[in-house]
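Could you put the whole structure together from the sequences, leaning on the hints where they help?
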Amino acid sequence: MGKLRESADLLEGFRRGDRAALEAVYGEYIDSLCAMLKEGFAIEAAGKRFLFEGYREPWSLEAAAQEVFTRAFSPRARLSYDGLRPYRNYLFTIARNYVVDTFRKRRRSFVPLDDLTEPTRDKIEESLDTRGGPEDVAISREIAGLVSEFVSTLNEMERALFSLRFTRGLSVEVTAREAGVTEYRVKRTEKRIRSRFLRFMKQQGYFEGYRSAKPASMKVTLLALLMGGGG
Amino acid sequence: MGVHRHHTVQHRIDALFTSGLSPAKRAELFAEVEGCVRCGGYYRRHQMLEDALSGTVEGVSPFMRERILEAALAATPIHATRARRILWGRWSPMGAALAAAAMVMFLLWPLGSPSSSRTALPENAGLAPVHVLAAKGVPASATADIGIRVFQVARRGDRVEEKDAVALNDILTFTYTYAKPHDGYLAIFGVQETGEVRWYYPDYGGEKSIRIKGDRVDEPLGDGIDLRVNHTPGWLRIVAVFSDKPVSAEAVESGVDRLRVRGDGAELSNAFPFENFGATSLQYSVIMEIEGER
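One line per chain: the protein sequences are H and G, in this order.
Quick note on numbering: this note's numbering labels position 207 of the first sequence as 207, and the sequence is numbered without any gaps.
Remember, this note's numbering sits 1000 above the position in the second sequence when you count from 1.
A few chain G residues that face chain H, going by a derived Cβ cut-off under 7 Å, partial list only:
no.	residue
1	S1019
2	R1045
3	L1053
4	M1064
5	L1069
Simulated restraints, written as ranges between beta carbons of each label pair:
no.	chain 1	residue 1	chain 2	residue 2	range
6	H	D101	G	N1169	53 to 61 Å
7	G	G1292	H	N155	20 to 28 Å
8	G	R1258	H	E173	30 to 38 Å
9	H	T93	G	G1055	26 to 34 Å
10	H	G145	G	A1075	38 to 46 Å
11	G	R1258	H	K3	40 to 48 Å
In short, the hints are calculated from the structure, not lab data.
Note that the structure is a prediction, hence the values are computed from the model and not measured.
Glycine included, each C-beta is placed from N, C-alpha and C at the ideal position.
So this is what it looks like as structure tokens:
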């Protein structure tokens, strides 16, 4: 049924803009919203039906979800929700409107449905289902092994915070409470762990093929080439 | 958007997944990544790492959830929180303590290993004025209309007198003067030689500046900044921004970044290049020396 329709207090807090109420609503709908934005859906625009292919890339999904919730949490949108209709539908309508706005700016992610034959549609569906392919599975296994290796290098305190924050996915606030340390310390430790993990993965060659050299080293190379050519 | 440079974008991607980026910088980064296959691949690899670290197989990682929520809340006017009121409650008793600051008062300061640069001060804290190397903005005196004063918290056995320099094991605290008829807002942060921000007051994390009462002289903040945490010997520039409207953490961060790029954070003639602070904002800076071997 949805918490907003069940609790008058929550609805009141949500309309008022209480942080706790906004967080509760967010927690209830973030997963289904992201699933919807990722899977794509049909939209109608300019008198035609289009298939929105969904946000397949993590940055585009994050950007879209961020924008949809920003719109949904705006005072106007909060006050416009009557508390009677399912909030999920209300939120998804905001998401659709966002996608239509995007459509007006660029059509790259949209395929006219009327132009598609059945085999082509199947092919698109197949291409959309990219996650979990054999390559991804192999990479995930490789990463899992490296994560285990990295975790074994953490000290006792770091490992305790890693377990709470990363493995159990607890918030900074709850992690701090459970570990008996300040939130600031949790944040600092997390940052340190992430930085070390990044260095570790770079040493393992994880980013090879994607990384770009700094311009300084490029200049040195260019200079060396020029000097070599001149001699 | 300027010229796309892979290494710059990838450096920002690294920052996003290690120390985090403000919502506005994230949005800029997403736009940059969108048009570049190489940086897109780099980002994707990072996301896979984050998913692996948090054991996310399907759906959204808890960290992405936090980032999206942070961005949505940052763009939303949030109703007053309980935490803010508690903070103010803690400040009030400090008024009496500071009024007696001229008297010699001592405290035993706990010397355990600190975990945060910000720490609440006991009510009987002895405070010694700190000598500042330079000040800009508003005269650093109790008679100024607007400004902050910096104090070192005295330890047992210390004489409460002005210090030429502070040490890495010192704790600093501040008072503010805001002799305006209406309430205002105050944000304070400390920057060191590398251009790195050592601390924000209030704590940084998308929060805005604190609301301050008008018609106040030498009002104590009640919290201290522990120099043992995250500081190095050398100069420390403390910047206070008084404004009529709350200053966003994002605006502060972007100003600090611009100054860091210019590499002249210690030069007081250079105001922090903040934008969007509004016409009524006012910066006040002091520079002091932290003793110790570099």
